[in-house]
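Engineer: Using the hints, position chain A against chain L.
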Amino acid sequence: MQDCVIDARQVTKRFGTKVAVSDLSLSIGPGETFGFLGPNGAGKTTAIKILLGLIAPDGGGATVLGAPVGNRQARARVGFLPEHFRFHDCLTGRELLRFHGRLHGVRGPRLEARIDELLARVDLMDASDELLRTYSKGMLQRIGLAQALVNDPVLVFLDEPTSGLDPLGRLLVRDVIKELRAGGATVFLNSHLLGEVEATCDRVVFVKEGRSVREISLRNSPVDLEVELRLSDSSPAIIDGLARFGTGASHADGFVRLRVGSEESLPLIVKSLVDQGVGVYGLQSRRRSLEQLFLDIMGDDQRPG
Amino acid sequence: MDGVFTIAHLTLLEARRRRILLASMGCSLAFILLFAVALFVVSRSIAADGLGRRLPLLGLTLAALYVANVLTIITSALLAVDTLSGEIASGVIQTLASKPLRRAEIIAGKWIAFEIVIALYIGLTAGGVMVASWAVGGIIVPNLMQGLLLMLLGATVMLSVSIAVGTRLTTITTGIVAFGVYGIAFLGGWIEQIGTAMPSEPARLAARNIGTIASLLSPTDVLWRLAVFRMLPPAMRSLPTPFSSNYPPSAAMVAWAGGYVVVMLAVAFRQFSRRPL
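Heads up: the sequence lines are chains L and A, in that order.
All residue numbers in the first sequence are consecutive under my numbering, ending with 421.
All residue numbers in the second sequence are consecutive under my numbering, ending with 278.
Pulled out of the complex, with its shape left as it was, chain L reads as follows (with noise of 0.2 Å):
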């Protein structure tokens, strides 16, 4: 098994003079659910079209599967969900599967079987002999998602699968995200829906205006802690001694506030202020939201996309 299932180094892409993405930098291992966060137009989904080998890069490389990107062997084993998925829609939902089974190089009762299984786990089996064209925009997407699964893939790109679904879809999306970690398949998830990403991902990368600017992991320790601290001093000496154990140490309302990155700093934090001598009246800490930390990241500059 590979250690890196996606490779990227130093990847940039300008279309004229914008620049799509810049300099990007990732690393994905086996059975990760990686999730890929931005606003629109931050060049998450041409990230995902170099990877696929559908785009090329300007600078940098990349590798999937151990191999160059646009390598066809280790694209039979990569299943892709395209933002807004479109087919001929003169097409059955199961001619659809048909097809891009065989596409993959899967024939037979082995691509029959999956398609009954896919077109199950999609609940569109009543559905699965009607043209595409009189399927809504939530049972697209529904197929759409079974096709990037077809070959059985060890590595799926979801761009926005929750794109159209009512919330019986999503749920129904995030359980087979679910099911394709627990079968060790990597998962690479671009989505704006931030309670998405945060119950399904282990890893989640900021990106703005092409650039990685923040990757937190979700699964291992809690993502950023905010902390509120009732100090007997508050004077500026302590709050910039605070600032060695995070971010953003501030003092306002008669609280001390900061931003630490896991648990562990909050003991070592109370030992430091009571060696100081320094009464700890009363201290909080509570998980910031994807939400809130997404707003942070992203800055005021940003405009809804």
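If you're looking for bench data, these hints aren't it; they were derived computationally from the structure.
Treat the hints with care, since some could be wrong.
Calculated from the model, a selection of chain L residues having no Cβ within reach of chain A, i.e. all distances over 12 Å [claimed, not checked]:
#	residue
1	Asp119
2	Val135
3	Leu287
4	Arg330
5	Leu341
6	Leu347
7	Asp349
8	Arg360
9	Ser388
10	Arg404
Incomplete in silico selection of chain A near chain L, CB under 10 Å [what the hints assert, rightly or not]:
#	residue
11	Asp3
12	Thr7
13	Leu11
14	Ser91
Beta carbons: idealized from backbone N, C-alpha and C, even for Gly.
Structural biologist: Frame of chain L, contents of chain A only:
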């Protein structure tokens, strides 16, 4: 090759489901029916025998084949005009190109499928004209298969141009360019035909040169003229009809057209392989 055949199968199924096959075959049948009726009426009104009877009936047959050829050329361009540019614009191509296929296989699969559709179309339309001509007027066109194959090659040139241009440009622009290329061939052919009838030798030579250059740039019309030359009985080739010529196109144009198709496909493979999707 599996990928090529899967794409070809998908393209043919799409042509059937979108009623492209039904519409083209229906129009062909209507066209043949009209031709058969016209031929029947004309045939009954001719009292003469021999060449006096055969010439007008053959003229009508060749006129019908000319229209069949133009319809085939138009159909070839229209079939291919949207196949890549449309799928690129809609995003359909992303799911295909991310599969373990060479991009050239996508183009080759589509090209093969459209060749089958065009061959069927020529077989039905031009073949139908021949059958009607034989059944109604007793006319048997010589070198029939050669003629049909030359028409198919002309349509293949058009198809390949359409696909090559469609790898870079939008659907409408591809259509404009494809028909523009055909227009060059069409105009060049007529300049050559009219020019060769001029009394002055320098004018004839200039017209022939212009026609040759146009044919090299776009060898669709020249293949039709070669086809019609082959399908005219030798005794009629020098008679003054819109289809005869004192200067028949060179048979080397067949090799040129074959090379032209290969180059167009190579351009399509190269452009499409490099195109960001």
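Engineer: Does each hint hold? Answer for all of them.
Structural biologist: Each hint, compared with the structure:
1. For Asp119 (chain L), the non-interface assignment is confirmed: its Cβ lies about 23 Å from the closest Cβ of chain A, beyond the 12 Å cut-off.
2. In this structure Val135 (chain L) is separated from chain A by more than 12 Å, as the shortest Cβ-Cβ distance comes to about 15 Å.
3. With a closest Cβ-Cβ approach of about 24 Å to chain A, Leu287 (chain L) is found to remain outside the 12 Å limit, as its non-interface label requires.
4. Here Arg330 (chain L) stays apart from chain A, with its beta-carbon at least about 28 Å from theirs, past the 12 Å limit.
5. The claim that Leu341 (chain L) lies off the interface holds: its Cβ sits roughly 40 Å from the closest Cβ of chain A, which is beyond the 12 Å cut-off.
6. Here Leu347 (chain L) stays apart from chain A, with its beta-carbon at least about 56 Å from theirs, past the 12 Å limit.
7. Residue placement check: Asp349 (chain L) keeps its beta carbon more than 12 Å from all beta carbons of chain A (closest about 60 Å).
8. With 12 Å as the threshold on Cβ separation, the claim that Arg360 (chain L) sits away from chain A holds: the shortest Cβ distance comes to roughly 46 Å.
9. The claim that Ser388 (chain L) lies off the interface holds: its Cβ sits roughly 53 Å from the closest Cβ of chain A, which is beyond the 12 Å cut-off.
10. Annotated as non-interface, Arg404 (chain L) keeps its C-beta farther than 12 Å from every C-beta of chain A; the closest such distance is 35 Å.
11. Satisfaction of the interface hint for Asp3 (chain A) is found here, the shortest Cβ-Cβ separation to chain L being roughly 7 Å, below the 10 Å cut-off.
12. Taking 10 Å as the C-beta cut-off, the interface hint given for Thr7 (chain A) holds, the closest approach to chain L being about 5 Å.
13. Look at Leu11 (chain A): its Cβ gets to within about 5 Å of chain L, closer than 10 Å, so that hint holds up.
14. Because the beta carbon of Ser91 (chain A) sits about 5 Å from the nearest beta carbon in chain L, less than 10 Å, this interface hint is met.
Every hint, counting from the list given before, is met by this structure.
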